[in-house]
Structures are given as C-alpha cells and as structure tokens.
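Asks: The primary structure of each chain is shown beneath.
Number of protein chains: 2
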Amino acid sequence: MNCIFGIDIGGTEIKIGKFYQEHLVLKTSIKTNVSDGGNHIFSDIFLKIDELTQNDTAEGIGIGVPGPVVNGVVLGAQNLNWKRIEAQRILKERYPNCEIAVLNDANSAALGEMDQGGAKKYQNFVFMTIGTGIGGGIVINGQLVEGATGSSGEIGHIRVAFGNERQCTCGLYDCIEQYASATGIVKTGNQLRQGRDTVLNRIEVTSKNIFDQAKLGDEVCLEVVAQMIEKLATATAAIANIINPEAILIGGGVSKAGGFLLTRLQKRFRELAFYSVRDTEFRLAELGNDAGIYGDGFAVRKKIYGN
Amino acid sequence: MNCIFGIDIGGTEIKIGKFYQEHLVLKTSIKTNVSDGGNHIFSDIFLKIDELTQNDTAEGIGIGVPGPVVNGVVLGAQNLNWKRIEAQRILKERYPNCEIAVLNDANSAALGEMDQGGAKKYQNFVFMTIGTGIGGGIVINGQLVEGATGSSGEIGHIRVAFGNERQCTCGLYDCIEQYASATGIVKTGNQLRQGRDTVLNRIEVTSKNIFDQAKLGDEVCLEVVAQMIEKLATATAAIANIINPEAILIGGGVSKAGGFLLTRLQKRFRELAFYSVRDTEFRLAELGNDAGIYGDGFAVRKKIYGN
Numbered sequence: 034m035n036c037i038f039g040i041d042i043g044g045t046e047i048k049i050g051k052f053y054q055e056h057l058v059l060k061t062s063i064k065t066n067v068s069d070g071g072n073h074i075f076s077d078i079f080l081k082i083d084e085l086t087q088n089d090t091a092e093g094i095g096i097g098v099p100g101p102v103v104n105g106v107v108l109g110a111q112n113l114n115w116k117r118i119e120a121q122r123i124l125k126e127r128y129p130n131c132e133i134a135v136l137n138d139a140n141s142a143a144l145g146e147m148d149q150g151g152a153k154k155y156q157n158f159v160f161m162t163i164g165t166g167i168g169g170g171i172v173i174n175g176q177l178v179e180g181a182t183g184s185s186g187e188i189g190h191i192r193v194a195f196g197n198e199r200q201c202t203c204g205l206y207d208c209i210e211q212y213a214s215a216t217g218i219v220k221t222g223n224q225l226r227q228g229r230d231t232v233l234n235r236i237e238v239t240s241k242n243i244f245d246q247a248k249l250g251d252e253v254c255l256e257v258v259a260q261m262i263e264k265l266a267t268a269t270a271a272i273a274n275i276i277n278p279e280a281i282l283i284g285g286g287v288s289k290a291g292g293f294l295l296t297r298l299q300k301r302f303r304e305l306a307f308y309s310v311r312d313t314e315f316r317l318a319e320l321g322n323d324a325g326i327y328g329d330g331f332a333v334r335k336k337i338y339g340n
Numbered sequence: 034m035n036c037i038f039g040i041d042i043g044g045t046e047i048k049i050g051k052f053y054q055e056h057l058v059l060k061t062s063i064k065t066n067v068s069d070g071g072n073h074i075f076s077d078i079f080l081k082i083d084e085l086t087q088n089d090t091a092e093g094i095g096i097g098v099p100g101p102v103v104n105g106v107v108l109g110a111q112n113l114n115w116k117r118i119e120a121q122r123i124l125k126e127r128y129p130n131c132e133i134a135v136l137n138d139a140n141s142a143a144l145g146e147m148d149q150g151g152a153k154k155y156q157n158f159v160f161m162t163i164g165t166g167i168g169g170g171i172v173i174n175g176q177l178v179e180g181a182t183g184s185s186g187e188i189g190h191i192r193v194a195f196g197n198e199r200q201c202t203c204g205l206y207d208c209i210e211q212y213a214s215a216t217g218i219v220k221t222g223n224q225l226r227q228g229r230d231t232v233l234n235r236i237e238v239t240s241k242n243i244f245d246q247a248k249l250g251d252e253v254c255l256e257v258v259a260q261m262i263e264k265l266a267t268a269t270a271a272i273a274n275i276i277n278p279e280a281i282l283i284g285g286g287v288s289k290a291g292g293f294l295l296t297r298l299q300k301r302f303r304e305l306a307f308y309s310v311r312d313t314e315f316r317l318a319e320l321g322n323d324a325g326i327y328g329d330g331f332a333v334r335k336k337i338y339g340n
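Protein sequence lines correspond, in order, to chains A and B.
Quick note: to get the working numbering, add 33 to the position in the first sequence (first position is 1).
Quick note: to get the working numbering, add 33 to the position in the second sequence (first position is 1).
Since the hints were made in silico from the structure, they are not lab data.
Treat each hint with caution, since some may be false.
The list makes no distinction among identical chains, and a pair is therefore deemed to hold if it is satisfied within one copy or across any two copies.
What the hints assert, rightly or not - The calculated SDA-like cross-link candidates involving lysine to any residue, where the alpha carbons are at most 20 Å apart (straight line), are:
1) K116 / D312
2) K153 / F315
3) K300 / F195
4) K154 / N114
5) K64 / G196
6) K125 / K241
7) K60 / E84
8) K335 / N174
9) K125 / V238
10) K64 / K289
11) K116 / Y308
12) K154 / R117
The task is simple: from the sequences and hints, build the whole structure.
Replies: Here it is as structure tokens:
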C-alpha cells in the first residue's frame, strides 16, 4: 500500500507519523541527536522511515523544522545546530521516488489544523502557538504564506510595550513573547506577587498554576491573566488589522487554559481591533503536539494528489 | 481600438484613466457628487465613460473605492455616503460586454505600483499610504490580499502606544495614524513646540513644514520626525514580523519627505524588526495620485488577458 510520512523535527525529539492517505495509522518518535552540527538527524530519520515503511511503498515525505524555510531550503535551525541545509535535495536524493515537502514547523502545524483540526472551516486564518515562546503560521486562500525569507508568522516578536521593560531572547525589547508566553506569564506572576496576599507566594509560579488559580478567583492571578490578555489582544488586533483573517487559532501549551483564556481574549480583541475586522473568530487548536505531523503529511499529500 | 478604463472614486473627485493595454492615453477627473446617498456617482461615471470611449470599444472597467470590497461588493464607503453597494453587478448590467473589477482604493494603488511604479520588482510587498490618514494594500505572490471582510491593510489602526494618549477618528486610542500621518505629525509638532525655541512658533505647523525645517536642522522638528519614525518603525516591524514581505513601499503626501524619511525609517526598522526579516527593503511609491487608476486598469487587464 502507498504511504506518506509526516515528520516533525524538534530540538529534543523527532515525531514521525505514517499515513495512508489522510489517515494517521502509526505514530512514534525518536530522540533528536543535535551533536556534530545536527549531522545525524537525517540518517536517524532515514533509518526510521525504512523500518516503518515495511511492506508499503513510501510515496511522500513531509518534514517540519524549527527554522525559516524557503523553497525547500532550511536557512538555519538553532535548536538543531543546523546552519543552511538543502533539506529538499537531501531527502530527494535518498528517496528519488518520493514527493518531498519541507516546511517551517509552525507553518506545518497551521496546515495540520486546517486539514484535520480546529481550522477545518477556514481558508484564511492565523495559527498562533503559545508555549515557552510564541510562533505562528499564516494561511491565505488556503495557501501558506512562506514570506520573502521564510519568516512569515514571527508573531512572537511584535512589540507591545515601549519602556524597554523586558529583553527578549532575540535581543529586542518588549516582544509579546515576553508578556504572553508561558515564560512571560511567569515573569509577570513573579513581579505582581511581591508583597501581596496571593497563593502564588505558596505554590510554584507556573503558567498552568496561574491560570488554575485565576479560575479559582485569586486576585493577583487574575491580574496576571489580564495583563497577558492586554498584550495578546493588542498583537492579535494588529494581525487582524493587517491581514483580516477569518479566524485566529490559538494552540500551544498555554492554550490548555481553554475557554477561560479565549473568552477574555476575544472580548478585549473586539475592543482594540478596527471596527471592520472585529468579528474575527477565535478558536482553540485541536491537534496539540500532533499538528505538525498532520501538516507535514498534508503538505506532501497535496503535492502528490493536488488536494 | 479596444480600451480599458481605470476609475478611482474619491470623496471629492473621481479620477478616470483611459488605457490602450497598459498605456495610459488620457486622464481626466470629475467632481464626486455625494448627495442623495451617493446615488449620482455611477450615472456621472457612465456619462463620462461613454463620452471618453469615442470610436473605441471599451472592453474593461476597473473601479477603486474608499471602503472594504469583497467579491465585487462594496460593503460601505463613508466618504461617498455609500452603504452596501453591488458595484460589480451595477457596472456589468450597464456594460455587459465589459470585464469589471472592483477594488478597495489602497489595494488598487498597491497593484498600480506593482504594475508600473515603485514595486515593479516585487511579488510580495506592502504598500503604505501616509497622508491625512494611513492606509495600505498587501500583495502576496503577486495577488492582492482582500481579507475575510475586504479589510486587509487597515494598517493605520495598529496600536503603537499604551496610555490612551490620542483618540483616533475610528474611536480607538493610540492608532499609528494618530502619530505618523500628516495629522499626527502636526499634533506632535503642536505638543513639542510649546515653550521651546523653534521655527514652529513662527510658521504654520504642517507636516510639510515640519519635514522641511527638520532638514534645515530645527531641533524640535527633528524631535517630531524622530517620534513619528519611532511609531512607524514599530508598526512596519510588526508588519514584517507577521508577513515577511520583500519590501515596504511608502506613498501618500507625507512620502514627499523622500529619502530623509526613508533612510531614518529603515534604520530604526532594522533595530526593531526580528533578525530574519531585517533586510526588508524600503522604497518610495512612484505614481503619486495616479497609482489608483493604474491599479484599476491593471486589475481589469489581468481579468481580460490573464497577465
């Protein structure tokens, strides 16, 4: 039987999905070996593909990587110790009979959500993943927006404050990532709990705990959430004013806060967005950590079958 | 001979261009009659088209309007006193043998600049028009991004301050339009000149005068320009982080400040944008007030000839 592989290469593990058409029939993962400049990553993947193919015929391989991609070339991926790598060519040489797709991982997750997750209804949407950092993927008329240098969707680095208050890992100041990611929420929590009567002085200050305690009514936690929402609404309003998507889809670890987060975000967004984009829908992503392999599989399936 | 009309409907005048293929052979304008809910606008245009067609055969009519457009329907245009108008259908009924295109005016200007102006080199760019207000058009892979509700490119309403300092005409606070449009620059000029030794206390405070005097070294004017640049760089960095265009094209009255504006903007942009989009090019628009008719003509030519 013909099969397709969707492979999501992360800094600690490589997730591999095997598909018959759009059906995920097998899911596994291997550790990412980032030694020697990430030179073992492809050979590790080849071994696993060959093992998982069994009696089937691989007709497509889609991979997602944590870095900018233009026309099948990865321009760099810090977490993998990769500099510029011609991923498309490397895969095609090893699997000449396979169709190959190479994507940025956030873009791939956006496609996965469009194919089988929370964005099935949409052809124009922004996928925002909020975890340790904030990333995103943009789909317009059903097509990924790659960007001139493979860097569209770097929405974690929208500036949302003007006091050089918090420096970002990217070197800039006041990127939204510093306020609305899990890391940013913890920073705000640690600031606001000082000298206040809050459960945050008695439990570990994590994004999850802050949301859980906010739901239970802890005032400081509610304040932390409100500050996060203010920044997130500002950035999503900017996104909507610029590209006017049908929907903004929120995924990543922080999205586990669910409706509590989404309702507050949508309310503040409607107050901050230009009137003609105010009805942008907000939705939760549905595929969690599997969005990437679904998107990688979808991208290559589309190349083979054109749908 | 076959001809095409490009028609740019503004709040005070309607510009009309007659084209043989891509060549503008005649340009004229009529006053916009916004009385009776803008009901005379189409009949005035019909008269003029019929007069200008002469012995030629009109094969296409493209119109640009100051409001959101989805699939040929204008959702509203305040400056024309228009509510929802099925512009495409109205034009097609009167000119059944013509191909029709209906566009938002900023989108149309973007297309015009791509066809025959400052964006000829690009397939992925953002056109930003800075005049009394700030508007924009977005082109990705050579295609206009219309947006879910015809409102992509509302970049004048990106929030660039957090103190509810200046209320915008749209009702929101701290839209970039309030800081970086001609109107915004005058506001800043009037704030900063108080109690200071500046030529602004002896001449009319206009955007043009402020730029002219900044070029001559007036310190307060230089400060006004710096504040404008700070906001503009923040917004363009957000735009670049989101869609990673090849270039940002600056047009509109304020762009007459030329290289003086562009150099400062690009410098500050490079300091504020995410590293992988830092090389976004900045260019000046070239077609001035004619960009719209060129874009309207281009859009309909593309419908007829597919290029």
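Asks: Flag every earlier hint the structure violates by its number, smallest first.
Replies: 4, 5, 6, 9, 10 and 12
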